[in-house]
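Visitor: So you can see what is in the structure, the chains are spelled out below.
There are 2 protein chains.
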Amino acid sequence: MIEDKNQQRTQLSDLGEFGLIDHLTKHFKIKQNSTIKGVGDDAAVLNFDKKKVVVTTDLLIEGVHFDLSYVPLKHLGYKAIMVNLSDVYAMNAKATQVTVSIAVSNRFPLEALEDLYAGIETATKIYNVDLIGGDTTSSNTGLLISVTAIGEIESDNVVYRSGAKPNDLLVVSGDLGGAYMGLQVLEREKEVYKVNPNSQPDLEIYSYIIERQLKPEARQDIVKLLSDLNVKPTSMIDVSDGLSSEIIHICKQSKVGCDIYEEKIPLDPQVISTCEEFDIDSTTVALNGGEDYELLFTISQDDFPKIKANPNLTVIGFIKEEKEGVHLVTRADTRIPVKAQGWKNFNS
Amino acid sequence: MIEDKNQQRTQLSDLGEFGLIDHLTKHFKIKQNSTIKGVGDDAAVLNFDKKKVVVTTDLLIEGVHFDLSYVPLKHLGYKAIMVNLSDVYAMNAKATQVTVSIAVSNRFPLEALEDLYAGIETATKIYNVDLIGGDTTSSNTGLLISVTAIGEIESDNVVYRSGAKPNDLLVVSGDLGGAYMGLQVLEREKEVYKVNPNSQPDLEIYSYIIERQLKPEARQDIVKLLSDLNVKPTSMIDVSDGLSSEIIHICKQSKVGCDIYEEKIPLDPQVISTCEEFDIDSTTVALNGGEDYELLFTISQDDFPKIKANPNLTVIGFIKEEKEGVHLVTRADTRIPVKAQGWKNFNS
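Chains as they are written, first to last, in the working numbering: chain W, 1 to 348; chain H, 349 to 696.
The hints are simulated quantities; they were obtained by calculation from the structure and are not laboratory data.
The structure presented is a predicted model; accordingly, all values stated were derived computationally and were not measured.
Cβ atoms here follow ideal geometry from the backbone N, Cα and C, with glycine treated the same way.
Keep in mind that a hint or two might mislead.
Here chain W is said to cover these stretches of chain H; the calculated rule only asks that three of the stretch's residues, wherever they fall, bring their Cβ under 8 angstroms from a Cβ of chain W [claimed, not checked]:
#1 378-392
#2 654-664
Listed next, the in silico BS3-like pairs over lysine-lysine satisfying Cα-Cα at most 27 angstroms (straight line) [what the hints assert, rightly or not]:
#3 W/339 - W/320
#4 W/51 - H/603
#5 W/255 - H/398
#6 H/398 - W/37
#7 W/255 - H/603
#8 W/29 - H/603
#9 W/31 - H/398
Bound-form chain W, shown alone:
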């Protein structure tokens, strides 16, 4: 799959660290006025004038967060940027810069890193952010990507996780569970490929959910939409670990409870049909799947008329007093306590 034996292979050791960084980043253009000095000195220099600065960072590790047997490096580079920008947007901020550090083993030729950086460059172009620095080193095993994203925001506009109030509405952008079901399809195809490397899978009917897994988009557009609609959420978080985990974060930090309505959770038809095919409950997938990179936020009921007609936004719940707890109200009208699934990485 990814490691095409016929591709040109240039050894990384032929370039050295500085040659490698230069080679990989020379095509990147500076786009933001706030970037005074990007790659090439001990540190980047930025100017945010009187705006506030937001900073977030995430690690992506081969074998833990991605499997190169079915993740193209170009998509991986793109996704590594999305994962981080999503956190900037979850503060209601504008993303402006990223740093990208990578550790790679010698099994990766230069051409593989060029693919990775092509994806990073595409992401920085589309999302209008500058690559301003990073580190490149060898690893004894696989590939590791560490991204730090920086954004700017007027002080009054920052949205924390902690501002939800009883009677607020809980709203989510887009739809949920697609990235998780895309992963299930890709994992199944990997097993098929092991048995029969000549199989030609037809993944057309899974195109949406596979794209949700391999090439997610951070919801910059939702931040702009809310601004255009003159809606400032009372709290916001991005859906990276799964809806239930994110709702619990908001409720815990805002000291509120919440009812989530199962029937309201937005699901793409491909998610529903693939859940049926895999015999998995689609609500469980939406609650615990993760990696959707949608925005989950609360708004005052006064703002409901402004968002109700928008197909990108779905009201899925209602904020209550803290003592009421966090519950899923099922289609059968039973109330089930919502629990975070916790962190599975250390158990795998």
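Chain W is fixed; fit chain H onto it per the hints.
Guide: The following block gives chain H in isolation, referenced to the frame of chain W:
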């Protein structure tokens, strides 16, 4: 050595990601006015008013950058911060915040990470910086630390690598080669330990160079000193990869040449005696050793009277026209072209 079999072992999976981050960071205090929101939301929120912001990032990887058989985790945490603050100081800036991401395999118990974070906390206290975020995940192999450091500076005070002018003086803080020779001693002791685990090495006579390797200090004090002396360097870089590599960076980016005087290179007596013991040329060690985290900078000759009496600063060279090239002037008065040693990591 480091992995004491008797120590208490708490499995990381007992805590989960959020429990782990909370546990490791709960003792950290916010010290900087510019930190509005640190750990605990999708991103940190910072306020630099009208100051400029500098950002730098570095990866440290087990087996490439450190060997846990002789590097205590507490020192490693401290050093990971120093490596990054050093880049902030090399811009002539004040370090204000750091993010720390770690990837760890299951072989590390919670207590090991507590040691690592104790070192990080000590560094943030002494250097007055805030831990504002990070990511914690599992790895399939060893330990990896990714740090991003942020600093602030008045626009006019930024010092780039590119400002050196012919006739400027080349100055270095502290002394060079210690970290490299400390590493040679530690590597030798590791081999001795393999043969005889009961050996009790007396490392007292190497105490300075071992400390230079295990617990380096970033030269925050030099930035303050230069400010107090009213000296603004024309260019500056930190000595992380070795003196020759850093001089070449300054010369290339400033489009100048340079003569470096071998007899002027500051060496600690322990470096000289250990070089003799190991039969290594001390000038070669100073030029190519790396990890000294001293500051290398150029100043106008007009500023020479202000620095000449300072024991922390040594004039080691003279900036010339670009066409003159970069040379080491030896004690025997021969001129040897200086070449960067390049990047050895990918060859190892």
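Visitor: Compare the structure with each hint and give your call.
Guide: Structure-based check of each hint:
1. 378-392: holds (count 7)
2. 654-664: This one is violated; 0 residues, fewer than the three required, reach chain W with a Cβ under 8 angstroms.
3. W/339 - W/320: At roughly 17 angstroms apart (the allowed maximum being 27 angstroms), residue 320 of chain W and residue 339 of chain W satisfy the hint.
4. W/51 - H/603: Given that 27 angstroms is the threshold and the Cα spacing comes to 35 angstroms, the pair is violated.
5. W/255 - H/398: violated (35 angstroms)
6. H/398 - W/37: holds (17 angstroms)
7. W/255 - H/603: violated (59 angstroms)
8. W/29 - H/603: Holds. Residue 29 of chain W to residue 603 of chain H sits at ~23 angstroms (cutoff 27 angstroms).
9. W/31 - H/398: Measuring from Cα to Cα gives roughly 21 angstroms; hence the hint holds.
Against the hints set out earlier in the document, violations occur for numbers 2, 4, 5, 7.
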